[in-house]
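S.K.: Protein chains in written order, with the UniProt record's numbering: chain D, 1 to 771; chain Y, 1 to 771.
It is possible that some hints are incorrect.
Which copy is meant is left open, so a pair is good if it fits within one copy or across any two.
Cut-off 30 Å, straight-line C-alpha distance, at most; resulting in silico cross-link-like pairs (DSBU-like, lysine-lysine) [to be verified]:
#, residue 1, residue 2
1, 374, 178
2, 374, 652
3, 374, 182
4, 681, 327
5, 543, 434
6, 449, 672
These are computed hints drawn from the structure, not numbers from a lab. Keep in mind that this is a model prediction, so the values were computed, not measured.
Number of protein chains: 2
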Amino acid sequence: MATLADIGLAAAINILSAFIFFVAFAILRLQPFNDRVYFPKWYLKGLRTEPTSSGAFVRKFVNLDYRSYLRFLNWMPDALRMPEPELVEHAGLDSAVYLRIYLTGLKIFVPIAFLAWTILVPVNWTNSTLELERLSNVTSSDIDKLSISNVPLGSERFWGHVVMAYAFTFWACYVLLKEYEKVASMRLQFLASERRRPDQYTVLVRNVPPDPDESVSELVEHFFLVNHPDRYLTHQLVYNANKLAKLVKEKENLQNWLVYYKNKFSRNSSQRPSMKTGFLGLWGKRVDAIDYHESEIEKLSKEIAAERERVSNDSKCIMPAAFVSFKTRWAAAVCAQTQQSRNPTVWLTEWAPEPRDVYWQNLAIPYVSLTVRKLIIGVAFFFLTFFFMIPIAFVQSLASIEGIGKAAPFLKPLVEKEFIKSFVQGFLPGIVLKIFLIFLPTILMIMSKFEGFGSVSSLERRSASRYYLFNFVNVFLGSIITGSAFEQLDSFIHQSATDIPKTIGVAIPMKATFFITYIMVDGWAGVAGEILMLKPLIIYHLKNSFLVKTEKDREEAMDPGSLGFNTGEPRIQFYFLLGFVYATVTPAILPFIIVFFALAFVVFRHQIINVYSQQYESAAAFWPDVHGRIVTALVISQVLLLGLLSTKEAAKSTPFLVALPVLTIWFYRFCKGRYEPAFVKFPLQEAMMKDTLERAREPNLNLKGYLQNSYLHPVLKACVEDKDKEVDDGEKWETESVLVPTKRHSQRNTPAPSGVSGSSSSSSLREASDF
Amino acid sequence: MATLADIGLAAAINILSAFIFFVAFAILRLQPFNDRVYFPKWYLKGLRTEPTSSGAFVRKFVNLDYRSYLRFLNWMPDALRMPEPELVEHAGLDSAVYLRIYLTGLKIFVPIAFLAWTILVPVNWTNSTLELERLSNVTSSDIDKLSISNVPLGSERFWGHVVMAYAFTFWACYVLLKEYEKVASMRLQFLASERRRPDQYTVLVRNVPPDPDESVSELVEHFFLVNHPDRYLTHQLVYNANKLAKLVKEKENLQNWLVYYKNKFSRNSSQRPSMKTGFLGLWGKRVDAIDYHESEIEKLSKEIAAERERVSNDSKCIMPAAFVSFKTRWAAAVCAQTQQSRNPTVWLTEWAPEPRDVYWQNLAIPYVSLTVRKLIIGVAFFFLTFFFMIPIAFVQSLASIEGIGKAAPFLKPLVEKEFIKSFVQGFLPGIVLKIFLIFLPTILMIMSKFEGFGSVSSLERRSASRYYLFNFVNVFLGSIITGSAFEQLDSFIHQSATDIPKTIGVAIPMKATFFITYIMVDGWAGVAGEILMLKPLIIYHLKNSFLVKTEKDREEAMDPGSLGFNTGEPRIQFYFLLGFVYATVTPAILPFIIVFFALAFVVFRHQIINVYSQQYESAAAFWPDVHGRIVTALVISQVLLLGLLSTKEAAKSTPFLVALPVLTIWFYRFCKGRYEPAFVKFPLQEAMMKDTLERAREPNLNLKGYLQNSYLHPVLKACVEDKDKEVDDGEKWETESVLVPTKRHSQRNTPAPSGVSGSSSSSSLREASDF
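Please work from the sequences and hints to get the whole structure.
M.R.: Laid out in structure tokens, this is it:
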């Protein structure tokens, strides 16, 4: 048990390290040569082209104005100054709503902390249980005097904790309700005020059934012309361009090297750079590097052209999926929300994600395969969560002195040196675990990708919920009840339903000091470290010195990164969990959590304004997940409190707690019914309003031209743009316009749907003649 | 433990009673005066007007043809002869699919029984565990020699049971998959081949938001004219006619009595019948019965007219809900499946149920109230399931000798007589429980009604799933582990997750003989009793002798009843549960279950063909529930087998069972995704096809006239029809036609949706001028 002094020391260390990070950040960000690392967003937006300060050559790299260093924390008010609507405009709704998670934390926990300190702390403090126990040599800290442990068994004072549990739940639910309402209305407003976007008109159709007579393109066109007459506009096929994407990436890589060698040559023109062709340039024939790369790039370009040709012509590269666009948002909303075919596993329609949000590889997975993948990943995740320690322990045993001696006897003399031996013994096992934990989000992301989601945003949401579960089992439960997850699982299976909350609940007050330290290390210092952006800083400067030739290269060398919902959100959720669990048990933990939320809010607001560039915009589609997990934390805290109190012989007050989880779960279902549709459906009223407005404003809009290439695979699109630029290359990439008329012709030949009224079929002919 | 002889005796008794029921049925059904009880469906269909046999007066009542008695079981082949498509035509899809549940039972259990008897029974039989135990005075029956109890602890033979569990699951899932596919295609075919029905064009809109300026009718019309232009046709308001319905019912009742007294007078014209006006005619002033009833009916008729006037004019009687009809099925399908408004709790749309399926009282419940009701009913059902014994025990204690003595001392001398005493002690407690169980379906139905479902079919489905749960907890678990549900709940909470299946699993083999007897009593004799229709028989003859004057009265005296999904289906499910649980444990039970399924199939097929008249047609919307519950039974059986085997020290084979529930649940989710949409959504392709066909066949169809009054409250409708008949009553009930034009006018004045193209607004004007 840590004493107050221990905690004070830990706090001092962590505050100091946070302070150091902030000072370092303040110094680094003011140097003009770091400008592109700390303000990339403004460059991307085109609002900033060069570091602001002007003057001598040195000034271009180092800021010599001493006054600017004095106000080293002034980025904080700056970060807070931008009003929310402007932030939405500037960084998108996703980022703005992401910040609201921290704000929700503050809104929930500041009043709770106030209540807890004015009511619960005196209730706990004025007992003397722990002092009596201390006489009989049971150790306890001063923190524990503030906690529920200080209340004697069977005391009437537990009524206070029960009433407070109700008050806290009520307040949390109230805040959550208001937030859900606010976010839902922000989302709807955002969607309504948005300018025209291709995904508003477009529906992603998956599982187009195979047809022996017609191609996918013909099939899609016929199906929607028949079932959505007057409304269907056009469609874009999905190509399997994975190989092409690989080739293009390879070419880019080679081009980087070419630039590197050219730079080297221009600096030292006496000697042409040379290289070896083998693995990593370590062995093989020595050749002239510039010539070699130029010829390789030439070769690849030809290969890419051939592959591009193949993709556009080979019917095997056309996936049984398509992006179908409609003439109005109303029609798209209708198509996305309805079932198309008798067989509910073909012609699956859903809202098309934003073009940049599409995860192209997964668009062609058939229905049966999807359900099988779900099963496999479900089982795999179960094993990952509960049994991940087994391979880790195996690797750790290999990484021990004896293990290395056995596995690689030739290393034996090396590892037996004193310094290396202590390193292996002291650090290696920890590092193995740490490496696993660093790669965990990637592993979870790969699992989600395998599961077959079609958009990056849904991949991230799924990974986030898995990460939360993993954290809950392995960090939260793992810290409270020591032992591996598998051992816990085993003991839980053999315990009764009432014993499990008891076991955990009893251990909770004892772990308060541990979690306080955890919050300070992970929450305070970790968040402060975030703002330094060490990794992007180093990478930028490396690239800058070796690869950058033009201004465009410098732009590409910037890596602003993004929020990383799949890792960031579960981390915040962990603090919600700690807050709720300890609010009634050890209120002393609450101020630490509040400091975390406040600090993180400021830091991430700054990052979002100046740094991060989001890959996609999902219009806060993640909020139902966030809400759900906060409610989960609430229910967990209630059950654990129930378990804890049931060991305190407070038979009168405890039963009153049973209703609390029931009411909370009901609250969750109420919110789900009330607000969730705003995040998964698109109201027709809304669509109709926007359509009407648009038709009035731009009666002659060429929507088809606008949508033409919006959902082309990014690689093919890049090719189109390349070609557009290199006008000398005569053969222009005629994306789909070659294919479509042939399809239209065949459509004219097939019998028209018998009963469709004259106007509709004439309109489809008119449409066909648009070509 | 019952011996084979005991079971043989029970079987003989039950077979005999079933036989007696069948003979009684054979005799009764051949009597012409019972014709309307045993063949009401043919009368309702108008295919039969008088008993077929003709001749002497006696022959009109009693069948004297001895030959027809000889073939007393020939209704069975008759019942089986009608092919399924004809059955669908004759009795509707609901009934035909309901029969498929029994058929599914046969398909699943006949091969399972075959496999079990050829493999498992020899495996069990060739051990001698029980014989050895019998030597040490443990009693066991011959049935147990066939069961898993006969296999020694830790035997390798348990592999056989594990493999068989996989085989049974695989077979059951295969049959379930095929059945789901078949039923889904039957449903789609039924919906496709159906003739025009109002609900195909109509959507039920609930939670119309209140508006200070416009009436509900105007609001609905404007909203759908704006958001579904070109497609909206008309709408019908929902009136709160509950009071009117009550008055009408009262009037009918009085009319029945009037007829009774008139009949009495006509038979014995010497004396006019008289009655007392007080409670049940027991006290009060003595009056002339005919005059009294005539004046009362007169009074009520006036009241009804006034109330009818009020309902149609008072805006308070108009509920915030409406049936909105569209011009095409496509448009209705779109509206039913999409979200209309930004606020997802108003303008809720769903498929309109069939007019006769609508549960009118519940149409106006607002969203928040609905979620609160769900919570209340959820909690109430929990208490009903686990604590229903508490009030019953209380009533039982009152119904004991001492209880009566205390509660009503004046009855004391009476109850202390020997005969009454033994009756009170022997029967009353059992009768109290039995009465509760008889009323249980009604209680569950009331709960579902309170919960706010809008159609009778969904009410029945919900009650069925609750009834199943209740049966599972109180009959299945209650029989296996003796003790009240509350005691079980208590012990389960205090047991570990692995112990619960163990406790139940171990008790299962011991209860096999009990359940065999249960199947014979409830399944065999009960089903045979069903066909006798004692209650309708008695009621019909009572009505026939007192109330029937005209042929129409006789028709109304028939009470064909209906299948009663809410009680019948959970009962079948119970046999599935028993079958799966005992298939691997005591295969001897399987033949009894097969006999039940076969017998019930024949009996209910006969009833469906000749007797039952369904209240509504939901097109087999219940199948997902049926499927889900069979899968649940499968999973329960696997978990219990796992529990049982884990006590048998078969450590090698048991772990292989763990994958089985996981796979089964995955199978359930696969089926849910694959087939369930066919039961809750309506594919646009289908709708478009029917629309196109209809437009080609009947280009001049007056759809509006067809839909005019289809969704009028049945009471108001009856009034309309009454008025139509009584042409002398000048004032014709002008349902809505008075209201609509005024609304239309106001619509003309409101600005048209700005961007709607000319054609659409002109069509809505054209529509308005239809009036």
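S.K.: Confirm or reject each hint.
M.R.: The hints, checked one at a time:
no., hint, result
1, 374 to 178, "between (34 Å within a copy, 23 Å between copies)"
2, 374 to 652, "between (46 Å within a copy, 29 Å between copies)"
3, 374 to 182, "between (33 Å within a copy, 26 Å between copies)"
4, 681 to 327, "both (19 Å within a copy, 25 Å between copies)"
5, 543 to 434, "within (28 Å within a copy, 84 Å between copies)"
6, 449 to 672, "both (26 Å within a copy, 23 Å between copies)"
Hint compliance for this structure: every hint is met.
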